[in-house]
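Asker: Below are the chains, spelled out letter by letter.
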Amino acid sequence: MSSDLKISEALERGYPPAVLYLRNDDVVVTEVCAFNYFSIFLKEQQDAEAHIWFFDAEGRCVNYLQKDLGFNGQLQLRTSDLCPDVSGTVAMTLLPKQGASVRPGKKVTTGYYTQYYSRCGAITLSHEREAVAAKPFPTPAWMQTYLTRFVEVSGVILVNACLAPDGEAFGTARLRALDGTVLGERSLPSIPSMGARRISTMDLFPDATRLIGSAETFALEFSGGNMASPFSFYQFANGKFSLHHF
Amino acid sequence: MLPTFEGLECRLAFSIPIWHKAIDAKYLRSLVAGSLKKNLWETVKDLGPEFASLLRSGFSSNLRFKLHVLSRDGEYLASREIPSTHKPGASFEIDLTKLIAELGLVPQDYLIVAVMSHGRMDAYRSSPGSFSMTYVDQDNVAIYRTGAFARPLNEGRLKSHVGFTGINPKILATKDFVSSLMLLNHSSDPDYAHAVRPSSVLIREDGEQLKGDFGEIPPLGAREMSVVDLFGADVFDFLKPFGGRGTTVTTCVGVTLASLHLQRSNDNRRTILGIEHSRPAHMNLMGIMQH
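Chains A and B, in that order, give the protein sequences. Heads up, the first sequence is in the working numbering, so the first residue is 1 and it goes up one at a time. Heads up, the second sequence is in the working numbering, so the first residue is 1001 and it goes up one at a time.
Check before you lean on any hint, since a few could be wrong.
[To be verified] Label-pair restraints from in silico Cβ distances: (1) A:Val27 - B:Pro1241: 51 to 59 Å; (2) A:Phe41 - B:Trp1041: 29 to 37 Å; (3) B:Lys1087 - A:Ser101: 40 to 48 Å; (4) B:Asp1237 - A:Arg210: 54 to 62 Å; (5) A:Lys67 - B:Lys1037: 39 to 47 Å; (6) A:Val27 - B:Pro1190: 45 to 53 Å; (7) A:Val182 - B:Lys1026: 25 to 33 Å.
FYI, nobody ran anything at the bench for these hints, they're computed from the structure. Because the structure is a prediction, the values reported are computed rather than measured. Glycine included, each C-beta is placed from N, C-alpha and C at the ideal position.
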């Protein structure tokens, strides 16, 4: 696959793409939504171009799209048209068309959203997460609560946001009670550079129901390296998929 | 400020990351750097309340929570202080629907002001974590999470704002879905008394636009407007050539507003299918060299 702009070039120019989870399968399709905000905030440089890279779960770049966005230009891209049956990572950057100088040592990150349409008629959405990094980076502990009554349909989505070939994501998952007690702990499966994993709570902690006991709520904590901040999810038996960034 | 919705199980949570410390070297460095940019009186005004709260807590990294309930018109109704403290690694979680009933309030839409015993007013007045709002309907769960920032907002003596520009490129008006915008006229000043009246434009892919009046939002109040409320029932025909999709740009001069994007079902129940806070797009341009 060839591309007009390599993702590493976008990083070098100071416009790193930001990552989000990509899911196109029998249950969910992903839409990428963006607006050319340069046309509002940069009166002298109102034309922009969007560059979007699509990676499968193993971090292989499976498609790329460039689209010009003129004054008030917008994008609502049904990604399943470009990469059906691919789940992994999407990374997008918006660049001013004429190029805008970036302050020394600074970077210009991209704001955009994804919407996930369940085929049964639900929508869930997220704004962009971390910018792609050229070098390995630490992932601090991220923790969020889940409802115990949905534990068997719950889980986490982890996206690798490191471009470096040696940037495999790694880390630890902890199951915590609300008072902070660690109920369970295990290593996470490694995720190749720019890859992603959707992992159910029960796969992480098969004994979760017993460990949590009668508590109404529990928490999952993730830390390690090269992971963007995680997403929690519930996927119900009727196919409704509900995703939320930590 | 976080909204509740009548008829839904609304739950609030805040997980305190294990790394959270009330004070550390990075925090102290940023305080010194920030203070050097201000005069002594500004520094005292800005940091005085924070240091007072830190002193009162004995510089503990544990957090306490207090919740205030406001009407959607910004009227103060009740408070609940959570007696327990929460250490790093622990989570605070509460069923707001039950709380509202316990406080003797009638079931309707409210706003919750969640206050922590202290925050972190470091470099970007960053949050030690995110408040998580979970809305459970009979057949759907929608969640959004947003930082608990310790920033002055719409508080004239501490911070003046150029204005609010909220961009939502996820607008839907189809037979199945209708998008809404919710704006919250928030402030860090409990005596805040400024009503606002934002305006919106709906832009479709060919550049054609519709204009809408968002209506007045009282101080410390919130207002949700669907694209039908804003642009009329013709919005479906307007967006139909573009798959029912478009973008809204909502503006309001001189204030900052919190903004939520909702996706609801286009039926009588208007189920909240998805909800997300918006991102301030101008922040993405901070690194650009302006000429």
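Asker: Taking each numbered hint in turn, which are not upheld by the structure, reported in ascending numerical order?
Answerer: 1
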